[in-house]
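K.L.:
Whenever a hint applies, use it, and build me the whole structure from the sequences.
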Amino acid sequence: MENEFFKNRLNITRRHFFGQAAAGIGGLALGSLLVPELFKGDASAQSLPLGVAHFAPKAKRVIYLCQNGAPSQYESFDYKPMLNKMAGQDLPDSIRGTQRLTGMTASQDKFPLVGSYYNFKQHGKSGTYISEIFPHIGSIADDICVIRTMSTDAINHDPALTFLQTGAQVGNRPSMGAWMSYGLGSENKNLPAFCVLLSRGRGNGQGVYSKLWTNGFLDSTHQGVVFSSSEDPILYLNDSDGIDKAGRRRMLDQLAELNHEGFAENKDPEVEAKVQQYEMAYRMQTAVPELTDLSKEPDHIIKMYGPECLVPGTYAANVLLARKLSESGVRFVQIYHQGWDSHGNLPQEMAMQAQDVDRSSAALITDLKQRGLLDETLVIWGGEFGRTNYCQGKYTVDNYGRDHHPRAYSIFMAGGGVKAGTVYGETDELGYNVVKDPVHIHDFHATVQHLMGINHEQLTYKHLGRRYRLTDIAGNVLPGLIA
Amino acid sequence: MTLLSKRFGFLLLLAIGSIFAYSRCSDTQAQETAMPDVIDFNYHIRPILSDRCFKCHGPDANKRKAGLRLDTPEGAYAAFKDNPSMHAIVPGHPESSDAFQRLITKDTSLRMPTMSSHLTVTPHEIDLIEKWIKQGAVYKPHWAFIKPAKAELPTADEDWVRNPIDYFVYAKMVEKSLKPSPEASKEQLLKRVCLDLTGLPPTLEMQDRFLQDNSPQAYEKIINELISSKHYGEKMSIQWLDLARYADSHGYQDDGLRTMWPWRDWVIHAFNSNYSYAKFVTWQLAGDLMPRPSKEMLLATGFNRNHKITQEGGVIDEEYRVEYVNDRTNTFSKSFLALTFECARCHDHKYDPISQKDYYSTYAFFNQVPEKGLFGTIDASFADPPNMSISTKDVQSILKFIHKKDTATVDVMVMADSSKHRPTYVLSRGNYDMPGPEVGFGLPKSILPFTPAKYSQNRLGLARWVVDPANPLTSRVFVNRMWAQFFGRGIVKTVGDFGMQGELPTHPELLDWLAVDFQSHGWNIKRLVKQIVLSATYQQASTVSSASLKVDPENIYLSRMSRIRIPAEQIRDQVLASAGILNKEIGGPSVKTYQPKGLWEVATSGRGSLMNYIQDHNQDLYRRGMYVFIKRTVPPPTMLIFDASNRDQCEVQRGRTNTPLQALVMMNDPHVLESSRVLASQFSREKGSLEEKLTRAFRRIVCRAPKEKELAMLKKYYEAEQASCVQNPKKVQKLMKIGEYKQDKASVTGSTAAMMLTIQLIYNLEEAIMRV
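For the protein sequence lines, the chains are A and B, in the order given. Each step along the first sequence adds one to the number in numbering that gives the first Met the number 0, with nothing skipped, and position 479 is 478. Each step along the second sequence adds one to the number in numbering that gives the first Met the number 0, with nothing skipped, and position 561 is 560.
Honestly, I wouldn't trust all of these hints.
Some but not every residue of chain B turned toward chain A, in silico, with C-beta under 7 Å [to be verified]: (1) 114; (2) 117; (3) 121; (4) 123; (5) 124; (6) 252; (7) 431; (8) 498; (9) 500; (10) 596.
Since the hints were made in silico from the structure, they are not lab data. All C-beta atoms, glycine included, are put in the ideal place defined by N, C-alpha and C.
P.N.:
Encoded structure:
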């Protein structure tokens with residue numbers, strides 16, 4: 000009874016497919032079967048298999064700019080002048096309540112409040128407050144929706160990132176992107192549905208781990224495929240020295256012939272699948288390098304993303320690549336950018352980090368908008384938790400650090416059916432607690448899936464007796480975020 | 000799954016999935032739509048009730064709706080509290096069984112399952128339930144919780160059967176109007192047993208020897224040879240390492256080095272020494288608590304320390320300590336009992352009779368370790384206490400199976416119990432900081448009561464309980480997992496779930512026969528393995544006949560042998576071994592072989608000794624796949640691409656996908672190219688015609704002689720490549736540069752390069768990495 004929802008649909012499609020289309024199957028290029036659009040002519044839209052949403056989606060694709068390490072909300076999107084006024088005073092117990100602390104500050108005897116080192120200013124028609132170290136994001140304030148009331152259950156990086164990406168702290172559950180790949184399939188026959196891009200900033204880093212983009216118990220076909228900035232954008236993509244394109248083609252032709260000869264003996268239908276996988280690999284060998292080559296991007300694009308986008312492996316280069324992948328139909332592009340873990344030296348580290356990501360993050364949104372793709376592409380920017388309103392370590396006017404804070408933090412989203420030019424949720428004067436419109440990680444997942452046309456309670460997978468879903472047993476779609 | 004689905008499986012899946020289309024058997028067993036004469040609760044009804052009803056009307060008392068439970072007859076027959084004239088189920092009377100009426104009512108506000116559950120019951124299932132009620136609504140205990148017993152062997156074709164396994168398999172085939180396939184060819188059979196018993200392909204010498212041996216004992220002789228080979232233990236260990244989540248790093252974000260490999264060497268040793276399963280299990284669970292434990296017993300307990308350990312500064316110590324105890328508890332239940340205890344961590348199990356109290360009573364056994372959640376940040380330790388040190392003297396005397404490479408002592412994490420008992424509490428919603436009532440040691444009584452008079456109140460008692468012949472699960476679970484290793488699918492398909500939500504055994508009598516037989520013959524693993532590979536069932540040809548494809552696309556009824564793509568580690572072994580460059584050393588520290596540049600560097604936090612990937616050289620490059628270093632946060636890419644476990648948590652069943660990324664690995668992984676080069680160079684020094692050389696290459700890799708047509712194709716390809724290579728010496732130079740294996744300068748010629756390309760082509764054949 001695995002996944003009856005899709006199975007039912009699949010059965011119907013099977014009947015449809017083999018009933019009406021079987022005659023033409025030999026002549027159809029296999030690859031084209033990958034494109035869900037192929038099925039769109041079907042009058043019974045309800046009967047379509049994975050690859051089609053539960054209901055009309057607002058967004059078709061996601062680009063997730065994960066700011067790994069947890070950027071401070073106080074120096075970015077949650078403007079708290081009261082903290083500056085009360086700087087140096089102890090955080091009142093009444094505010095902290097029962098919040099547990101990490102081992103890094105639990106033994107501090109004082110929790111001196113600290114305000115932002117940077118100024119804030121209001122932007123756009125929406126008047127959204129954004130810190131001065133993010134001027135480009137400020138300039139697109141009317142295109143984004145700032146959420147100031149994200150909250151999570153974990154207070155350390157590994158479990159919090161794992162929770163953010165997979166809906167559970169324990170690890171080995173499918174990542175958001177894997178769920179999207181499983182539920183919606185791919186739009187491009189030559190590219191994975193779920194791609195991952197990694198970069199490192201100049202601040203304190205915390206590493207990334209493959210469990211963040213794991214397929215978990217789903218088939219490994221849904222695992223995030225890491226694109227690297229090395230010569231091989233996908234592992235083992237390039238043919239070895241001394242093997243040219245024509246040679247590879249000869250080899251594949253001979254291979255197919257030999258495999259078919261094997262089939263004559265073993266009659267295993269899997270053999271043909273194998274032949275097709277080799278053909279797909281061959282197509283990827285051409286398609287992927289064309290796509291990852293950023294050198295042919297026009298000047299105005301380079302200018303928009305900043306010159307760093309021509310340096311492979313930088314955040315800016317990855318963001319530009321993310322746009323290209325997404326534009327080519329990749330369902331879910333996941334970026335991780337390290338370096339936001341400012342336990343000390345925050346003013347300096349945060350400024351460097353902002354400098355590295357500000358321009359290109361904003362450029363992505365503008366670029367998508369100019370291409371008419373923003374409406375169908377959901378962009379998410381943010382980390383795994385927030386930072387404390389009190390200082391970690393010694394507090395001086397121009398140097399301080401902030402510890403991890405799970406109760407309230409800020410992210411922003413854009414495009415893909417999100418209410419643009421808005422600020423969602425409110426924290427208290429000291430930014431410590433949510434006072435209005437909380438967004439728990441489960442709610443965030445439910446809402447993102449909703450925007451993609453997925454009912455988060457319905458996209459389930461039965462594994463070892465239990466139906467799992469990204470939102471575990473919780474999560475509410477938040478209409479206030481949706482345009 | 001429909002009949003069409005297997006044949007066109009790959010097309011459909013291409014259509015529905017990502018481009019990483021794959022082909023895999025369906026996840027449900029063949030649905031039978033015929034109405035049986037007698038409805039059996041275990042086989043027909045419980046699967047429906049469990050899947051669609053138990054979540055709200057099952058074992059979880061806290062979440063039970065309307066006070067109704069349908070998992071017990073008492074609950075189902077009882078009068079409703081608020082309306083004593085009504086009953087959920089009235090045996091013999093569907094018309095007055097409210098539960099049944101609620102299934103068929105047209106009123107959607109009353110209909111079960113509720114709309115919000117997104118679950119439905121099919122008309123066929125409703126008919127089954129109706130008939131079951133009419134026949135008296137008889138409940139039966141869950142099959143897996145009843146002690147197995149040996150059934151009489153059914154009748155079968157005496158000419159075909161070779162041992163008891165075959166009687167049961169034959170009977171099922173007859174039931175499905177299937178016939179056994181002919182016996183596999185000798186070539187096929189030899190490749191099959193070699194891969195299954197040692198993970199290595201047969202050498203040419205073995206092939207010749209076996210083909211020439213026409214004695215009736217030829218096959219058994221080979222089996223005896225393989226089963227006593229030191230590589231048998233390696234092959235058997237891989238599944239155990241997955242289940243034990245063995246790895247070479249700690250696993251959380253900074254992911255420092257750990258030295259658990261001596262424990263891995265012990266596992267290989269235990270399989271090679273044919274330790275009984277009872278001893279194997281007891282030592283791993285409780286070696287430290289045995290009377291006067293030896294160092295070897297102590298080492299075996301490393302099993303329970305293989306879980307991930309955090310080194311992230313600032314974590315709350317107790318939160319992680321609790322996580323480790325949970326990991327042990329979950330691993331215990333999944334590997335020894337094939338049950339999902341973890342579902343009862345936060346609440347009573349929704350489907351199986353495992354209460355939250357049961358969970359924490361089991362957890363209590365693993366909660367006595369004198370350990371810390373955070374012992375220290377990265378590189379504080381390669382083996383957090385409790386641990387043991389292994390000295391050179393140990394390795395020379397009592398722990399001879401450990402392949403220590405230098406004179407330094409190695410520390411390995413092992414188990415111990417604190418001198419002071421640590422009380423265990425039910426943790427509310429599983430939270431480490433929300434203790435509820437205190438619990439003692441215990442295990443779910445539905446499996447086997449953990450009576451204090453019979454078992455000591457510690458892990459040793461737990462181990463005794465596991466291997467108690469009265470335990471209905473242990474033997475079945477192990478036998479089933481072994482079966483799956485040879486047939487590609489368990490008799491119970493869900494090898495990790497024997498609970499209510501698991502699949503039913505396809506050959507229940509066979510499973511029970513094997514389980515009882517295994518247990519009553521001293522849990523003798525080699526004996527079990529021999530029994531399997533000597534069966535006629537195992538020795539069938541794997542050709543997929545159109546009849547079996549039509550009736551049984553998934554080969555549930557075993558009227559042929561399944562073709563199985565070999566596991567990740569073995570693909571590497573197969574390539575290196577057939578080229579003759581495999582380093583057959585057993586055990587020792589894991590090795591870092593060729594890996595694309597930058598994978599560790601881009602993911603690291605910038606701390607610790609595993610920040611940069613420092614590749615090994617020389618003979619270390621050619622070790623078996625199981626020795627490839629596993630850094631959990633960045634597992635070796637080719638292993639993951641071929642579905643190996645990431646060793647994050649206990650895993651009892653790997654997927655078997657078929658993706659373009661796999662094709663890229665086979666085409667461009669330096670190991671494949673290097674092996675092709677070395678073999679080609681060797682051929683250039685050997686005598687023989689082109690045909691002879693191509694035949695030799697083919698036989699080494701595919702393990703059978705090529706057909707005439709195949710040979711002609713290889714020759715044609717070789718000649719074309721030769722023509723192209725001879726004209727382009729630069730290309731030859733580049734091509735043959737690959738890999739660190741010493742280059743025989745004289746062999747860098749156009750002809751050798753063409754041979755190299757031809758060998759690489761053979762490595763890429765579908766059949767090259769198939770267990771046929």
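K.L.:
When the nearest CB of chain A is found for residue 124 of chain B, is that gap smaller than 7 Å?
P.N.:
Status violated, d = 10 Å.
K.L.:
How about residue 252 of chain B: closest beta carbon in chain A under 7 Å, or not?
P.N.:
4 Å, holds
K.L.:
Hint validation: residue 117 of chain B versus chain A, beta carbon distance must be below 7 Å. Holds or violated?
P.N.:
At about 5 Å, which falls below the 7 Å cut-off, the nearest Cβ of chain A leaves the hint on residue 117 of chain B intact, so it holds.
K.L.:
Given residue 596 of chain B was flagged as interface, is its beta-carbon under 7 Å from a beta-carbon of chain A?
P.N.:
6 Å, holds
K.L.:
Holds or violated: is there a CB of chain A closer than 7 Å to the CB of residue 498 of chain B?
P.N.:
6 Å, holds
K.L.:
Should the interface hint for residue 500 of chain B be scored as holding, given a Cβ-Cβ cut-off of 7 Å against chain A?
P.N.:
With a minimum Cβ separation of about 3 Å from chain A (threshold 7 Å), the hint on residue 500 of chain B holds.
K.L.:
Taking the least C-beta to C-beta distance, is residue 431 of chain B closer than 7 Å to chain A?
P.N.:
Hint violated; residue 431 of chain B Cβ to chain A Cβ min 10 Å, cut 7 Å.
K.L.:
Should the interface hint for residue 114 of chain B be scored as holding, given a Cβ-Cβ cut-off of 7 Å against chain A?
P.N.:
11 Å, violated
K.L.:
Taking 7 Å as the limit, does the beta-carbon of residue 123 of chain B come near enough to a beta-carbon in chain A?
P.N.:
13 Å, violated
K.L.:
Under 7 Å, Cβ to Cβ, is where residue 121 of chain B needs to be relative to chain A, so tell me if that hint holds or is violated.
P.N.:
Because about 9 Å separates residue 121 of chain B from the closest Cβ in chain A, which is outside the 7 Å limit, the hint is violated.
The earlier numbered hints that this structure contradicts are 1, 3, 4, 5, 7.
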